[in-house]
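Colleague: Residue-level listing of the chains:
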Amino acid sequence: MVTKTIKVVNEQGIHMRPAGMLVAEMKKFPNCNVTLKCGEKTAKATAVMQIMASGIKCGSEVEITAEGENEQAALDKAVELFETGFGE
Amino acid sequence: MNKYTGKGVYSAIAIGKISVYKRQEASVKRVRIQDAEAEKKRVARAKELSNEQLSNIYEKALKEVGETNAQIFEIHMMMLEDEDYNESIENIIETQMVNAEYAVAVTSDNFAEMFASMDDSYMQARAADVKDISNRIIKNLSVDTTEEGGVTGKMIVCADDLAPSETVSLDKDNVLAFVTAKGSSNSHTAILARNMNIPAIIGVGEEFLKEIKDGDLAIVDGFKGEVYVNPDDETLAVMEKKQNEDNEKKRLLLELKGKENETIDGTKINIFANIGGVSNIGAVLQNDAGGIGLFRSEFLYLENDDYPTEEQQLAAYKKVLESMAGKKVIIRTLDIGADKQVDYFNLDKEENPALGYRAIRICLTRPDIFKTQLRALYRASTYGNLGIMFPMITSVSEVEKILEICNEVKKELDADGLEYSENIELGIMIETPAAAVISDLLAPMVDFFSVGTNDLTQYTLACDRQNSNIESFCDTHHEAILRLIKMAADNAHKHGAWIGICGELAADTTLTEQFLRMGIDELSVSPGFVLKVRDQVRNTDLSK
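Quick mapping for you: the protein sequence lines, in order, are chains A and B.
Going by this note's numbering, the first residue of the first sequence is number 1, and it counts up by one from there.
Going by this note's numbering, the first residue of the second sequence is number 1, and it counts up by one from there.
One should not assume that every hint holds.
[Said to hold, decoys possible] Each computed DSSO-like pair below joins lysine-lysine, with the alpha-carbon atoms no more than 27 Å apart:
| hint | chain 1 | residue 1 | chain 2 | residue 2 |
| --- | --- | --- | --- | --- |
| 1 | A | K27 | B | K41 |
| 2 | A | K44 | B | K40 |
| 3 | A | K57 | B | K131 |
| 4 | B | K40 | B | K29 |
| 5 | A | K57 | B | K182 |
| 6 | A | K27 | B | K131 |
| 7 | A | K27 | B | K60 |
Treat the hints as calculated values from the structure; they're not laboratory data.
Can you build the whole structure from these sequences, using the hints too?
Modeller: And the structure:
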């Protein structure tokens, strides 16, 4: 299991578009469980509604955890998306 | 006439007949079933069909509203595949042994409720997305899949709220505007409407739908967020005029942005913009001006409680030059006095301020103020393409003195080791009859002339432009003024200088042809007039 905590840079937080992008990327790691933890809320990185429902705002800290096949690659990809602000 | 107010999301006006959007609501009944697996298969098939439809809508949206806005439908497809959402549907079918439609409807309500209860208006609006995809599945579960949208002819579509897929599925050519009783400016309807370039008023309230019917005449004012139903003749006339003006402006933008300022016979002219502060640069770029022909530096003095420092001025000039990215920027030196007063200058009250201590007259008698501004201008010159223009010139000796001071400033900057550009153009305003009459003597001393028609008119015709009693005597097309401009133009060209016009007359399209024939090189107008003048230039033929 690998984990890393990042800070959300997207001004509007993790709204639909970034959530959609994350899901699309994480589905490329079918045998790896990636979860996001923000405050008290936890969301599967492959569940678009859960991510949105977490209401992750700009500036909040998110703990990303990956477990399973290719876990480091999955984590790196997720971290990259968050850190680059999902291209926004 | 009834008036409703909501949030306008696209600044335009639409006038037309109302069409109340009727949604084919699939009514959902709770039915007991025997075979849960068969029911789950029905859901799978309906989802497949939904996916296909969404992918078609996505393609349509991609063409009509661009990738960023079309992405919503991609996300809708993802929502269809959402694990929690699907688990919830299957659980309801299995545990309650009920039909698929009911399971989807309940799941839809639960998820929509979850979003609606969030403390973020953006997320609250997402409840509509959940309902949108759920309704699609339910519709696809029923045998008769009805076509979406029932609007025919050019209509103002009025609805309770519109789901994104409904907005896009409508025949865009036949929709004049949207009005919804509910919704927020975050709703996709609002965003998509804006991208479809049609006005929409969101959230006018529940009463609206009760009081309108198909075929009612309505005016949608996207500027103010107002809807008039069955307007009276006067309102209709006012709004029709506003609509025409707006359409004309948008047409100009659409057709003329990026086009040359060139007449039919191939004569070219520069069209620049006049601005009074750094905040107007956006309007200059938006209206596609070729440069700034008059940047009034007074604002730096008017907005301050004391003389603005060299550094303060440098920052402002640098900003303008950098924003214009190499396009010409002509900054006029301090032009206060007369109708523009600044307390800390402690100017005496004058009997006749227009003929008094103002503009270059202050600068030449108080060289400390003048030099501070010139130092800032010269230092800023390395950041772009600068021209400096001096106002209220009446004699050769004034220009000599100005050039002398400019040379002193350059020497001082050299001594301080500060850089400046060697390519700064220096010019003078032709706004007194004297300057026009001796333009043959002034032209060899400078790089350009800029005619200030407001003052030139006032001084030539001896008409105070603030006095409304003599308005009828203040003929801005007076032959005397046009002759003075022609004289200045001829003299400028004879001595290798160029000439522009930066007064109000520059935007007077009834004179554009005459100015072109005089050989005027540049017209500088308010940003909003740039394209109007370009339009006039492009429709002029000097060979006739």
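Colleague: Which of the stated hints cannot be reconciled with the structure, identified by number in ascending sequence?
Modeller: none
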